[in-house]
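**Q** Chain by chain, the residues run as shown.
4 protein chains.
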Amino acid sequence: MDYQAVLEEIEKEIKPLLNEGKVASYIPALANVDDNKFAMSIMMFDGTSYNIGDTDFKFSIQSISKLFTFTLALNYYGKKLYDRVGHEPSGDPFNSLVQLEYENGIPRNPFINAGAIVTADTLVSIYKDNTFKTILNFIKEVCNDDSININEEIFQSELEHGFRNFALINMIRSYNNIHNKIDDVIQTYFKQCSIMMNTQQLSRAVLFLANHGINPLTNEEIISSSKAKRINSVMLTCGHYDASGDFAYKVGLPGKSGVGGGIVAVVPQKMAICVYSPKLNNYGNSLVGTKALELFTTKTNLSIF
Amino acid sequence: MDYQAVLEEIEKEIKPLLNEGKVASYIPALANVDDNKFAMSIMMFDGTSYNIGDTDFKFSIQSISKLFTFTLALNYYGKKLYDRVGHEPSGDPFNSLVQLEYENGIPRNPFINAGAIVTADTLVSIYKDNTFKTILNFIKEVCNDDSININEEIFQSELEHGFRNFALINMIRSYNNIHNKIDDVIQTYFKQCSIMMNTQQLSRAVLFLANHGINPLTNEEIISSSKAKRINSVMLTCGHYDASGDFAYKVGLPGKSGVGGGIVAVVPQKMAICVYSPKLNNYGNSLVGTKALELFTTKTNLSIF
Amino acid sequence: MDYQAVLEEIEKEIKPLLNEGKVASYIPALANVDDNKFAMSIMMFDGTSYNIGDTDFKFSIQSISKLFTFTLALNYYGKKLYDRVGHEPSGDPFNSLVQLEYENGIPRNPFINAGAIVTADTLVSIYKDNTFKTILNFIKEVCNDDSININEEIFQSELEHGFRNFALINMIRSYNNIHNKIDDVIQTYFKQCSIMMNTQQLSRAVLFLANHGINPLTNEEIISSSKAKRINSVMLTCGHYDASGDFAYKVGLPGKSGVGGGIVAVVPQKMAICVYSPKLNNYGNSLVGTKALELFTTKTNLSIF
Amino acid sequence: MDYQAVLEEIEKEIKPLLNEGKVASYIPALANVDDNKFAMSIMMFDGTSYNIGDTDFKFSIQSISKLFTFTLALNYYGKKLYDRVGHEPSGDPFNSLVQLEYENGIPRNPFINAGAIVTADTLVSIYKDNTFKTILNFIKEVCNDDSININEEIFQSELEHGFRNFALINMIRSYNNIHNKIDDVIQTYFKQCSIMMNTQQLSRAVLFLANHGINPLTNEEIISSSKAKRINSVMLTCGHYDASGDFAYKVGLPGKSGVGGGIVAVVPQKMAICVYSPKLNNYGNSLVGTKALELFTTKTNLSIF
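As given, the protein sequences belong to chains A, B, C and D, one line each in that order. FYI, this note's numbering numbers position 192 of the first sequence as 195, with every residue one higher than the one before it. FYI, this note's numbering numbers position 131 of the second sequence as 134, with every residue one higher than the one before it. FYI, this note's numbering numbers position 9 of the third sequence as 12, with every residue one higher than the one before it. FYI, this note's numbering numbers position 242 of the fourth sequence as 245, with every residue one higher than the one before it.
Keep in mind the hints are simulated off the structure, nothing from the lab. Hints may contain errors.
Copies of the same chain are indistinguishable here, so a pair counts whether it falls within one copy or spans any two.
Stated by the list, open to error - List of simulated lysine to any residue pairs, SDA-like, C-alpha gap at most 25 Å:
#1 Lys273 <-> Ser228
#2 Lys273 <-> Met4
#3 Lys230 <-> Gln159
#4 Lys82 <-> Asn284
#5 Lys25 <-> Asn179
#6 Lys143 <-> Asn284
#7 Lys131 <-> Phe158
#8 Lys25 <-> His164
#9 Lys273 <-> Leu305
#10 Lys230 <-> Gln272
#11 Lys273 <-> Glu297
#12 Lys230 <-> Tyr286
#13 Lys143 <-> Glu163
#14 Lys273 <-> Lys302
#15 Lys273 <-> Thr303
#16 Lys230 <-> Asn218
#17 Lys136 <-> Ala34
#18 Lys83 <-> Pro19
#19 Lys184 <-> Asn147
#20 Lys18 <-> Glu224
#21 Lys131 <-> Pro19
#22 Lys302 <-> Val270
#23 Lys302 <-> Ser227
#24 Lys15 <-> Asp59
#25 Lys18 <-> Ser229
#26 Lys302 <-> Tyr85
#27 Lys273 <-> Glu23
#28 Lys273 <-> Gly216
#29 Lys273 <-> Thr301
Since we're looking at a predicted model, the values are computed, not measured.
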């Protein structure tokens with residue numbers, strides 16, 4: 004199939020939507036983004052890639068980082084991780100404290116903020132002071148790119164304005180489900196959100212999830228086959244907050260979005276995709292990004308269903 | 004692959020679990036079941052089938068019926084159906100009224116009781132007095148078996164003890180999301196739950212969902228390809244109440260369970276499966292049935308992820 | 004103190020508010036009311052009464068009836084009643100199902116609909132087919148007026164449109180906290196809501212609550228002193244749904260409102276008051292009635308605080 | 004009436020209950036208390052006092068401090084205060100985040116932790132760095148006792164273990180209902196909770212609330228008559244978290260409890276009472292203290308109802 008042609012069709016069809024949605028504004032550093040950008044990259048197992056739009060443009064990966072920390076934590080802890088964070092859809096907005104309260108501080112899944120914070124805490128328990136460095140090195144490794152780093156301004160901005168995340172971590176701590184210093188954990192979490200990547204890098208970085216845990220470009224096993232499948236299933240059921248059902252319904256691929264405007268998606272045993280467009284729909288997911296992926300599976304018939 | 008051998012292995016491995024779990028007891032007619040039964044059937048596109056256990060034994064399909072009414076309603080209404088019932092996981096026990104209240108009478112998805120009741124109502128709007136007959140005929144057709152019918156005792160029992168379902172329908176009605184007489188709708192719903200089928204029949208009945216909407220045994224298009232995929236996605240994200248994430252995580256197939264002890268699952272583009280064992284886990288899904296399907300995808304590597 | 008003069012002042016001061024608020028419209032029979040009416044009656048222990056406005060005009064007492072059924076049930080069951088219905092404020096709109104679900108079918112207090120329905124059920128357990136007759140006779144007795152009766156049109160209207168109440172009773176039944184036939188209980192409840200009384204009658208009917216359980220006009224003990232005080236405390240903390248705190252704050256008297264536009268209030272050891280005006284504030288309480296009572300305690304310094 | 008004799012009767016009757024309940028243990032400094040203590044003080048308008056038990060023993064006043072900060076804030080802001088904190092019962096455990104989330108960061112009343120934290124914030128807006136000093140001076144003044152101070156160990160303990168309160172303040176801040184630095188506000192709040200007083204001091208300190216805002220011992224107006232009544236009404240409807248209805252029901256007096264084991268209560272136009280016993284019931288209120296006050300109003304007939 005001529006994927007380049009598919010990307011070109013998609014670029015044309017999403018154009019009228021570029022004015023819709025709203026850039027995330029909860030921190031000033033995110034609000035000041037060029038909001039008409041669009042980029043989409045496909046990475047195949049043999050290293051072939053297809054790109055459209057500004058695929059060199061780096062944006063903060065935000066919640067897409069949860070995919071990498073979940074991988075690290077699941078790899079280390081295996082089933083024990085479920086005692087600390089579940090894998091059920093949350094059925095509530097992404098930063099809801101309600102469910103957490105009714106469920107005694109065990110977040111529903113690693114892709115809501117509460118769950119990602121607990122996941123970060125499990126990593127701090129292993130890697131101590133080197134936790135963020137370990138996360139960053141892991142991303143550099145799966146993406147084979149040493150140049151990746153954080154945006155210090157975004158990190159500081161998250162730190163200054165992240166009141167709901169401070170509320171979450173303190174509440175989870177009150178249920179004894181945070182084992183390290185609150186400041187160490189929350190700084191790790193905010194730093195991972197501030198990592199800057201472009202769609203080319205991200206599509207390469209998640210390729211191992213499409214290939215049963217093995218990076219097809221290096222033949223290195225990143226995670227076991229069965230764990231890779233489980234990560235994909237959590238992406239499908241929980242990857243888009245309270246629009247996860249809708250994403251599965253319309254796109255039909257495991258995916259994970261970030262409030263910075265990026266979405267990664269995985270076609271099992273075939274390829275990885277990343278799309279970027281900063282304006283968000285009502286659920287906090289890239290509006291054009293979601294549409295582009297829906298067009299992609301419609302045109303290619305690559306839905307897993 | 005030798006699927007018969009796989010089924011035989013599974014039968015051995017699940018044996019120690021046959022004592023675990025509890026038969027549904029909310030109505031007397033369900034509680035009086037032989038609780039050590041196990042049956043599993045696979046149906047291929049060419050008509051080949053593989054069976055183990057008591058695959059002739061008929062049980063009430065209960066919530067599996069929601070799959071057939073959702074198919075009928077989606078086929079007729081298309082996108083308009085979403086104004087009445089959503090397609091997001093509910094993140095709450097299957098009969099919760101809470102979420103319904105916060106979301107103004109629009110059930111989260113067609114597989115929780117509230118959503119299935121609204122779906123039944125949309126069918127009563129079309130088929131009036133013939134609604135249940137239409138549903139039953141549809142099931143007879145997709146399964147090519149005229150002998151299927153309801154168990155009158157179970158139907159009466161549901162009617163007499165279904166207080167939560169009466170609460171649900173009255174509440175939805177108070178939000179004007181029930182358009183027909185409460186008694187007509189609830190009787191339709193209770194009747195569809197009381198339909199008796201065995202695992203052979205059920206595996207044949209859902210085969211069209213594995214084959215993009217076309218019954219491969221008759222080549223008849225039951226529903227469009229894109230709608231069939233969407234039904235599969237809703238099964239994956241919402242098919243097992245508050246254990247949907249766990250089922251996707253462990254089994255990795257679209258599936259739908261019923262409190263009668265049956266579970267159907269679909270391997271897209273390959274086959275349909277039905278498993279039966281009446282004892283339920285804490286989430287109201289067949290305990291042994293869930294395990295059997297997990298063993299199946301582990302052994303066959305047929306997870307969609 | 005010249006209470007007649009106080010009433011006259013109040014009538015003047017509330018005039019500009021008579022256009023505000025909205026008549027209850029959930030049933031047609033209530034919506035068709037003359038919405039500029041105002042009436043207020045005071046009844047003293049020696050039989051003296053003070054009246055202003057259309058104090059002969061009869062309106063449906065609605066939730067004020069809960070006061071009489073709670074009195075009957077508490078008199079019969081004593082502390083045992085608390086196993087079936089609590090006495091804590093609900094902190095939620097008056098017909099909320101949420102709290103009921105989290106608290107396993109035990110309504111928070113006898114003045115929210117769920118609690119009044121359970122109270123009605125406890126009376127049906129005692130008085131069987133004569134339950135409504137017993138309630139009506141009790142009201143006739145405390146008010147010394149044989150002419151009181153229900154409005155059949157309002158009763159039928161409640162029956163036809165009371166979907167939320169049907170939802171409530173079915174849900175409570177599912178927790179086994181309804182012991183009689185749903186139809187018998189709900190009809191009793193709807194009938195008690197449809198009783199027609201004017202402000203003179205209602206002020207006389209609740210006088211025993213101001214006088215430690217003894218009707219001062221007849222010297223008859225209706226209920227023990229300690230129970231009378233407890234009924235007053237429940238009126239104060241729970242009498243106005245989710246505006247109970249505000250009513251206590253502004254008026255400072257135990258009171259109970261009905262969606263028909265009436266409010267009764269009790270000045271312990273002094274008098275009983277009833278005010279009527281059919282337009283409701285956002286909390287479902289008579290807007291002008293609440294204001295009139297606030298003016299009353301400000302002018303007379305009769306707040307219990 | 005011989006109040007000393009009443010206190011002596013009460014002391015005898017509560018003795019068998021001194022073993023019931025549990026001392027607060029959420030911070031170590033509270034857990035290490037002598038848990039069999041009992042003390043009760045009555046203060047009359049003419050300065051006469053009645054005492055029983057160890058009425059010189061100082062305990063941390065904890066949530067009773069909310070009464071004093073609410074007085075200060077209501078005095079300064081008047082009705083404007085309601086934009087920031089309501090006056091409705093919460094119907095939920097005292098530190099619930101759920102209700103806060105559904106109500107956009109406006110706490111239900113000044114006596115739940117969230118509401119007291121917002122109240123502290125409104126005081127920091129006025130008194131800046133002198134806020135805690137102003138609160139402490141106010142308490143010294145109404146109690147005419149310069150020796151009152153905080154327990155530094157309890158303060159530090161609250162600071163180190165108050166994760167839920169940190170969660171609350173961050174969440175409220177995310178709704179922009181905290182206007183000052185989080186650290187300044189929370190330290191003020193934890194300090195006010197750590198103030199040490201005995202039952203004699205506390206009964207004197209709340210006497211102005213029994214006397215329509217005027218300290219009868221000094222004739223000084225602390226707050227207006229109408230505001231004093233309103234504070235009493237909030238005590239009655241909200242003073243005991245989710246047992247406020249029960250306290251009103253059984254005791255029938257405006258009161259405010261603290262997790263340190265103290266309860267103050269007010270008999271309007273007559274006296275103020277303070278009781279202390281550190282073991283708490285399931286609702287976090289002094290078990291023996293609640294019973295002692297119930298016995299008091301039963302014996303003296305001083306319930307406001």
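**Q** Could you run down the list of hints and mark each one as holding or not?
**A** We went through each hint and held it up to the structure:
1. Lys273 <-> Ser228: Both ways: Lys273 and Ser228 sit 15 Å apart in one copy and 21 Å across, limit 25 Å.
2. Lys273 <-> Met4: both (12 Å within a copy, 22 Å between copies)
3. Lys230 <-> Gln159: neither (34 Å within a copy, 45 Å between copies)
4. Lys82 <-> Asn284: between (34 Å within a copy, 19 Å between copies)
5. Lys25 <-> Asn179: between (37 Å within a copy, 21 Å between copies)
6. Lys143 <-> Asn284: neither (30 Å within a copy, 42 Å between copies)
7. Lys131 <-> Phe158: Classified as within: same-chain Cα gap 20 Å, cross-chain 30 Å, threshold 25 Å.
8. Lys25 <-> His164: within (19 Å within a copy, 39 Å between copies)
9. Lys273 <-> Leu305: For Lys273 and Leu305, both the intra-copy (9 Å) and inter-copy (15 Å) Cα distances are at most 25 Å.
10. Lys230 <-> Gln272: This pair counts as both: shortest intra-copy Cα distance 15 Å, inter-copy 24 Å.
11. Lys273 <-> Glu297: both (17 Å within a copy, 24 Å between copies)
12. Lys230 <-> Tyr286: Only across copies: Lys230 and Tyr286 sit 23 Å apart there, 28 Å inside one copy, limit 25 Å.
13. Lys143 <-> Glu163: Answer is neither: 27 Å inside a copy and 38 Å across each miss the 25 Å cutoff.
14. Lys273 <-> Lys302: both (16 Å within a copy, 22 Å between copies)
15. Lys273 <-> Thr303: The answer is both: 12 Å in one copy and 19 Å across copies each meet 25 Å.
16. Lys230 <-> Asn218: Classified as within: same-chain Cα gap 14 Å, cross-chain 34 Å, threshold 25 Å.
17. Lys136 <-> Ala34: neither (27 Å within a copy, 41 Å between copies)
18. Lys83 <-> Pro19: Answer is between: at 24 Å across copies they meet the 25 Å cutoff, but 47 Å inside does not.
19. Lys184 <-> Asn147: This pair counts as neither: shortest intra-copy Cα distance 32 Å, inter-copy 43 Å.
20. Lys18 <-> Glu224: Result: close neither inside a copy nor across copies, 39 Å intra and 35 Å inter.
21. Lys131 <-> Pro19: Answer is neither: 48 Å inside a copy and 43 Å across each miss the 25 Å cutoff.
22. Lys302 <-> Val270: For Lys302 and Val270, the Cα distance is within 25 Å both inside one copy (14 Å) and across copies (22 Å).
23. Lys302 <-> Ser227: between (31 Å within a copy, 16 Å between copies)
24. Lys15 <-> Asp59: Only inside one copy: Lys15 and Asp59 sit 19 Å apart there, 55 Å across copies, limit 25 Å.
25. Lys18 <-> Ser229: between (39 Å within a copy, 24 Å between copies)
26. Lys302 <-> Tyr85: Answer is between; shortest inter-copy Cα gap is 23 Å, intra-copy 37 Å.
27. Lys273 <-> Glu23: Neither way: Lys273 and Glu23 sit 31 Å apart in one copy and 40 Å across, limit 25 Å.
28. Lys273 <-> Gly216: This pair counts as both: shortest intra-copy Cα distance 13 Å, inter-copy 24 Å.
29. Lys273 <-> Thr301: Classified as both; 16 Å inside a copy, 20 Å across copies.
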